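Here the protein sequences line up with chains Y and B, keeping their order. Position one of the first sequence corresponds to residue 51 (my numbering), numbered consecutively onward. Position one of the second sequence corresponds to residue 40 (my numbering), numbered consecutively onward.
Hints in this document: simulated from the structure, not taken from any laboratory. Fair warning: there could be bad hints in the mix.
[Said to hold, decoys possible] Each computed DSBU-like pair below joins lysine-lysine, with the alpha-carbon atoms no more than 30 Å apart:
#1 B:K142 x B:K106
#2 B:K41 x B:K142
#3 B:K95 x B:K41
#4 Y:K64 x B:K81
#5 Y:K59 x B:K81
#6 Y:K64 x Y:K107
#7 B:K95 x B:K81
#8 B:K41 x B:K137
#9 B:K95 x B:K142
#10 Y:K59 x B:K137
#11 B:K95 x Y:K94
#12 Y:K94 x B:K106
#13 B:K142 x Y:K64
#14 B:K41 x B:K106
#15 B:K106 x B:K137
#16 Y:K107 x B:K137
#17 Y:K94 x Y:K64
#18 Y:K107 x B:K41
#19 B:K142 x Y:K107
#20 Y:K94 x Y:K59
#21 Y:K94 x B:K137
#22 B:K81 x Y:K107
#23 B:K106 x B:K95
#24 Y:K107 x Y:K59
#25 B:K81 x B:K142
#26 B:K41 x B:K81
#27 B:K81 x B:K137
#28 Y:K94 x B:K142
#29 B:K41 x Y:K94
#30 Y:K107 x B:K106
#31 Y:K94 x Y:K107
#32 B:K81 x Y:K94
#33 Y:K59 x B:K142
[Stated by the list, open to error] Here are some chain B residues the structure puts well away from chain Y; computed CB gaps all over 10 Å:
#34 S51
#35 P53
#36 G55
#37 S59
#38 D66
#39 N92
#40 D94
Computed from a prediction, not measured in an experiment: that's the story for all the values here. Where a beta carbon is used, it is the ideal one built from N, C-alpha and C, also for glycine.
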Amino acid sequence: NAGVTQTPKFRILKIGQSMTLQCAQDMNHNYMYWYRQDPGMGLKLIYYSVGAGITDKGEVPNGYNVSRSTTEDFPLRLELAAPSQTSVYFCASSYSGQGDSPLHFGNGTRLTVT
Amino acid sequence: QKEVEQNSGPLSVPEGAIASLNCTYSDRVSQSFFWYRQYSGKSPELIMSIYSNGDKEDGRFTAQLNKASQYVSLLIRDSQPSDSATYLCAVMDGANSKLTFGKGITLSVRP
Numbered sequence: 051n052a053g054v055t056q057t058p059k060f061r062i063l064k065i066g067q068s069m070t071l072q073c074a075q076d077m078n079h080n081y082m083y084w085y086r087q088d089p090g091m092g093l094k095l096i097y098y099s100v101g102a103g104i105t106d107k108g109e110v111p112n113g114y115n116v117s118r119s120t121t122e123d124f125p126l127r128l129e130l131a132a133p134s135q136t137s138v139y140f141c142a143s144s145y146s147g148q149g150d151s152p153l154h155f156g157n158g159t160r161l162t163v164t
Numbered sequence: 040q041k042e043v044e045q046n047s048g049p050l051s052v053p054e055g056a057i058a059s060l061n062c063t064y065s066d067r068v069s070q071s072f073f074w075y076r077q078y079s080g081k082s083p084e085l086i087m088s089i090y091s092n093g094d095k096e097d098g099r100f101t102a103q104l105n106k107a108s109q110y111v112s113l114l115i116r117d118s119q120p121s122d123s124a125t126y127l128c129a130v131m132d133g134a135n136s137k138l139t140f141g142k143g144i145t146l147s148v149r150p
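Isolated chain B (complex conformation) (with noise of 0.2 Å):
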């Protein structure tokens, strides 16, 4: 059984802060990694991948990848409160097609 594993939450910041989010996975044959943001009610967004190790900056986001700890990161530099969801580590493998998801992690930005 594949999993992915998120740190426990909620995860509180107040605004301007980092937050730091962290998932590990099980699969040591993982190809590709995503963070899926999700607003309460709403669909999955996808707002990084991540596909080799190292950093991947994308404006305020910046996607950490460290295969030989089975590791991956998200840090949201400058939170905002419009931040405030929940994200989902995704990890696909080279297998198949099927992506899984960690349960997430809350995260709110305090004003």
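Extracted from the complex, chain Y is given alone in its bound form (with noise of 0.2 Å):
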């Protein structure tokens, strides 16, 4: 009964260098979001993915990237961290990605970038 799994649950990059948010999800759900969330702030989506094979871009995809090779995992790359991509990253997932599916979250990557 895992739900949405991510790890890892804490990190500290340096400037310029590179990492891989896991996400994964047990649940056989075709539509898969990032999201990030600064303090003080709502969520902003990142990508997302209604199907493996299948992504698109969202609010704020710039210094990210993601790929679904799976239906289970999405993970979310980033390339040369900035301190502008420290946050809270969260992964949810829904069946259908329509308003009668609810976002199912993990709980979290909290990300510093110094």
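Join the two chains, each given in its own frame, into one complex according to the hints.
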């Protein structure tokens, strides 16, 4: 009964480093999303996927890349980390992407870039 | 740019009072509306969804939607200290599967 699992929980990066945030869901959900949340702000959509092999940009995609090779996994790649990418990152999934299919969130990854 | 606006907070109410949280949205074709609760350091969790004009009640929570005014609200009756959290309004349009979130409002319920 894992739901949406994100790893790592915390990470500190130096400017210019790269890393991959992992996200996996075991609910056979087609739709997966990556959000970032800055202090005192709502969630901003980075990328989303409607199924394996299909991804699309959200509101704030610059500096990030994603892939969706399987239904279960949706990793988020940060290339050349910048201080502006310091944030809490949430992965979420839903079955159909429609209004009657709620988002299930992971526990988040807190990333600091210094 | 689709916008979801939540009135400035934080909001503080005494235990047992009614907390009223408001949200407006810019996209007239929006179809689905949600309220998420987020405790400090935790992920958001869905507490209410509403799709048609009027009121929807679930326990102590009532969501209200007025599409003509592009307004959605959440009422929490008999507020409890455990209701202290940030409440995020989210709106989904009919064209895609993306949610747009407001900035959230932090509610504090005083014992």
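These are the hints, each one checked on the structure:
Proposed proximity of K142 (chain B) and K106 (chain B) is supported: the alpha carbons are some 20 Å apart, at most 30 Å. Proposed proximity of K41 (chain B) and K142 (chain B) is supported: the alpha carbons are some 13 Å apart, at most 30 Å. Taking the CA atoms of K95 (chain B) and K41 (chain B), the gap is near 25 Å; set against the 30 Å cutoff, the hint holds. With a C-alpha separation of about 25 Å, the suggested pair K64 (chain Y) and K81 (chain B) falls inside the 30 Å cut-off, and the hint holds.
Between K59 (chain Y) and K81 (chain B) the CA atoms are separated by roughly 11 Å; this keeps the pair inside 30 Å, and the hint holds. For the suggested pair K64 (chain Y) and K107 (chain Y), the alpha carbons sit about 25 Å apart, so the restraint of at most 30 Å is met. Taking the CA atoms of K95 (chain B) and K81 (chain B), the gap is near 26 Å; set against the 30 Å cutoff, the hint holds. Proposed proximity of K41 (chain B) and K137 (chain B) is supported: the alpha carbons are some 11 Å apart, at most 30 Å.
Of the pairs offered as hints, the one joining K95 (chain B) and K142 (chain B) holds, with about 23 Å between alpha carbons and a cut-off of 30 Å not exceeded. Simply put, K59 (chain Y) and K137 (chain B) have alpha-carbon atoms about 25 Å apart, close enough for the 30 Å limit, and the pair holds. A C-alpha spacing of about 27 Å is found between K95 (chain B) and K94 (chain Y), which places the hinted pair at or below 30 Å, so the restraint holds. The hinted pair formed by K94 (chain Y) and K106 (chain B) meets the criterion: a straight-line CA distance of about 23 Å does not exceed 30 Å.
At most 30 Å may separate the alpha-carbon atoms for a hinted pair to count; K142 (chain B) and K64 (chain Y) meet this at roughly 28 Å. For the hint linking K41 (chain B) to K106 (chain B), the alpha-carbon distance of about 15 Å falls within 30 Å, and the restraint holds. Simply put, K106 (chain B) and K137 (chain B) have alpha-carbon atoms about 19 Å apart, close enough for the 30 Å limit, and the pair holds. Distance restraint check for K107 (chain Y) and K137 (chain B): the Cα-Cα separation of roughly 11 Å lies within the 30 Å cut-off, and the hinted pair is therefore satisfied.
With a C-alpha separation of about 23 Å, the suggested pairing of K94 (chain Y) with K64 (chain Y) holds against the 30 Å cut-off. Of the pairs offered as hints, the one joining K107 (chain Y) and K41 (chain B) holds, with about 15 Å between alpha carbons and a cut-off of 30 Å not exceeded. About 21 Å separates the Cα atoms of K142 (chain B) and K107 (chain Y), which keeps this hinted pair within 30 Å; it holds. Distance check on the hinted pair: K94 (chain Y) and K59 (chain Y) sit about 19 Å apart at the alpha-carbon level, within 30 Å; holds.
At most 30 Å may separate the alpha-carbon atoms for a hinted pair to count; K94 (chain Y) and K137 (chain B) meet this at roughly 10 Å. The straight-line distance between the Cα atoms of K81 (chain B) and K107 (chain Y) is roughly 25 Å, inside the 30 Å bound, and the hint therefore holds. Taking the CA atoms of K106 (chain B) and K95 (chain B), the gap is about 14 Å. The hint holds against a cut of 30 Å. As the CA atoms of K107 (chain Y) and K59 (chain Y) are separated by approximately 24 Å, the hinted pair is consistent with the 30 Å bound.
Simply put, K81 (chain B) and K142 (chain B) have alpha-carbon atoms about 16 Å apart, close enough for the 30 Å limit, and the pair holds. A threshold of 30 Å between alpha carbons decides the hint, and for K41 (chain B) with K81 (chain B) the separation of about 26 Å falls inside it, so the pair holds. Taken as a hint, the K81 (chain B) and K137 (chain B) pair is honoured in the structure, with Cα atoms around 21 Å apart against an allowance of 30 Å. A hinted pair counts as satisfied when its Cα atoms are at most 30 Å apart, and K94 (chain Y) with K142 (chain B) qualifies at roughly 10 Å.
This hinted pair checks out: K41 (chain B) and K94 (chain Y) have alpha carbons roughly 12 Å apart, not beyond 30 Å. With a CA separation close to 28 Å, the supplied pair K107 (chain Y) and K106 (chain B) stays within the 30 Å bound. Taken as a hint, the K94 (chain Y) and K107 (chain Y) pair is honoured in the structure, with Cα atoms around 11 Å apart against an allowance of 30 Å. Simply put, K81 (chain B) and K94 (chain Y) have alpha-carbon atoms about 16 Å apart, close enough for the 30 Å limit, and the pair holds.
Our distance criterion of 30 Å between C-alpha atoms is met by K59 (chain Y) and K142 (chain B), whose separation comes to about 23 Å. Chain Y leaves S51 (chain B) outside its interface by the beta-carbon criterion, the shortest separation being 17 Å against a cut-off of 10 Å. Listed as a non-interface residue, P53 (chain B) keeps its Cβ farther than 10 Å from every Cβ of chain Y; the least gap is roughly 24 Å. For G55 (chain B), the non-interface assignment is confirmed: its Cβ lies about 28 Å from the closest Cβ of chain Y, beyond the 10 Å cut-off.
Every Cβ of chain Y is farther than 10 Å from the Cβ of S59 (chain B); the closest lies at roughly 19 Å, confirming the non-interface assignment. Against chain Y, the non-interface label of D66 (chain B) holds: every CB pair exceeds 10 Å, the least being about 13 Å. Interface exclusion of N92 (chain B) from chain Y stands, the closest Cβ pair being 15 Å apart, more than 10 Å. The Cβ of D94 (chain B) lies farther than 10 Å from every Cβ of chain Y, with a closest approach of about 18 Å, so its non-interface assignment holds.
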